[in-house]
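Construct all of the structure, not just a fragment, from the sequences and the given hints.
Take the sequence shown: its letter number 276 is residue 276 in my numbering, and every next letter is one higher.
Keep in mind that a hint or two might mislead.
Unchecked claim - Here are the simulated distance ranges between beta carbons:
hint : residue 1 : residue 2 : range
1    : A172      : P40       : 10 to 20 angstroms
2    : R175      : V240      : 36 to 46 angstroms
3    : A253      : D233      : 28 to 38 angstroms
4    : E301      : E80       : 41 to 51 angstroms
5    : T288      : N20       : 20 to 30 angstroms
6    : K100      : T288      : 20 to 30 angstroms
7    : K205      : T288      : 14 to 24 angstroms
8    : S37       : G58       : 25 to 35 angstroms
9    : E80       : A219      : 56 to 66 angstroms
10   : A172      : G290      : 31 to 41 angstroms
11   : Q263      : T288      : 56 to 66 angstroms
Rather than coming from a laboratory, the hints here were simulated on the basis of the structure. From the three backbone atoms N, C-alpha and C, an ideal C-beta is built for every residue, glycine too.
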Amino acid sequence: MSERLLEPSQEPVEPGRQLNSSITYWQDQLDTWPFESVSPELRGAAADALNQHWAYTGLDCVINGFVRTTSTIDQTVSREGFIDNGVGQSAGLYVAPFGKPDHQRWLVSYAFAAADSDMGTIAPDEYYFLETSQANIWPLAELEEPFETIQQPQEVLNMLSALLVDELRDEAFLRLPAAAQAHHINFYVQAAHVSAEAWGGISEKPAIGTAEKGYVWDAPQTGPPYYRQLALDRALIAGVCKGVDVLARRQLARYDAITDPNQLIDPAAGLFLILQLDADTAARCDLTVGEEIYLPISSQELEVTFLETADSAL
Numbered sequence: 001m002s003e004r005l006l007e008p009s010q011e012p013v014e015p016g017r018q019l020n021s022s023i024t025y026w027q028d029q030l031d032t033w034p035f036e037s038v039s040p041e042l043r044g045a046a047a048d049a050l051n052q053h054w055a056y057t058g059l060d061c062v063i064n065g066f067v068r069t070t071s072t073i074d075q076t077v078s079r080e081g082f083i084d085n086g087v088g089q090s091a092g093l094y095v096a097p098f099g100k101p102d103h104q105r106w107l108v109s110y111a112f113a114a115a116d117s118d119m120g121t122i123a124p125d126e127y128y129f130l131e132t133s134q135a136n137i138w139p140l141a142e143l144e145e146p147f148e149t150i151q152q153p154q155e156v157l158n159m160l161s162a163l164l165v166d167e168l169r170d171e172a173f174l175r176l177p178a179a180a181q182a183h184h185i186n187f188y189v190q191a192a193h194v195s196a197e198a199w200g201g202i203s204e205k206p207a208i209g210t211a212e213k214g215y216v217w218d219a220p221q222t223g224p225p226y227y228r229q230l231a232l233d234r235a236l237i238a239g240v241c242k243g244v245d246v247l248a249r250r251q252l253a254r255y256d257a258i259t260d261p262n263q264l265i266d267p268a269a270g271l272f273l274i275l276q277l278d279a280d281t282a283a284r285c286d287l288t289v290g291e292e293i294y295l296p297i298s299s300q301e302l303e304v305t306f307l308e309t310a311d312s313a314l
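Right, dumping it as structure tokens:
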């Protein structure tokens, strides 16, 4: 959320100061002229200047934001809309047409083609043009870089959860509207899933010990539904892992934007591990078999054991 170029593997990539200034300059130039008067030469000059400040061309990236999807890089007939998360190979910056035929604008955009990664979600014959003002970009190589010596997916989740806690406390994040906040949080959830899968996956039957608390969705007969905190007393928790989530994005779906970290269900939690409880654990917690419990990662210590990995502490 800062204008500086972020250090690798710390947060989603955002424009550095020079790139940000260049985007603003060229977008102002493009907006000066009617759509039909903007020449290919001007668009090419803009792209050349912008790409001098972009270091991720050719890299596979996790992306989300408002996109225009086409079958070729210069095609004007396209689909537009939000992509929550995808993986594509950066093709640099381009000037792409957005909008309906009678209301089109040339917008500075990040271009992405089919990813080389097995996790690629962009079709081989498609390009995505990601509108710069609503873009989140996270190079996969840099996402994986700090985990070269790590063999445990739960350790990866621990690191990403700590980053998310910092994001949720950032003043710039707290000034965003609810939709933009949800957009940022969704990106962290997807990045967590991608990273965990790269290190063996978390869709297993884990055993979880030392947990002090968890949350369940409670819908009482009187009063509004809410997330109820459970005291787990460091008992063994078992079931099927259903991935990770962030309860803050559930809050955003029902309430206004978050303006203070204390509005969060658990301000220090970051990511939550979702566990579908087995019969023994459900009975011990006075819950229904198969009910999902949300275990906060960053606000407590969790000892998590997945079937195919060794013990590790979150």
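We went through each hint and held it up to the structure:
1. A172 x P40: 10 to 20 angstroms: 36 angstroms, violated
2. R175 x V240: 36 to 46 angstroms: Distance hint for R175, V240 holds at roughly 39 angstroms.
3. A253 x D233: 28 to 38 angstroms: Holds - the Cβ-Cβ distance for A253 and D233, about 31 angstroms, lies within 28 to 38 angstroms.
4. E301 x E80: 41 to 51 angstroms: 45 angstroms, holds
5. T288 x N20: 20 to 30 angstroms: Taking Cβ atoms as reference, T288 and N20 lie about 50 angstroms apart, which means the hint is violated.
6. K100 x T288: 20 to 30 angstroms: Between K100 and T288, where Cβ atoms are some 49 angstroms apart, the hint is violated.
7. K205 x T288: 14 to 24 angstroms: 18 angstroms, holds
8. S37 x G58: 25 to 35 angstroms: 33 angstroms Cβ-Cβ, so the 25 to 35 angstroms window holds.
9. E80 x A219: 56 to 66 angstroms: 37 angstroms, violated
10. A172 x G290: 31 to 41 angstroms: 40 angstroms, holds
11. Q263 x T288: 56 to 66 angstroms: 29 angstroms, violated
In the structure shown, a violation is registered for the earlier hints numbered 1, 5, 6, 9 and 11, in ascending order.
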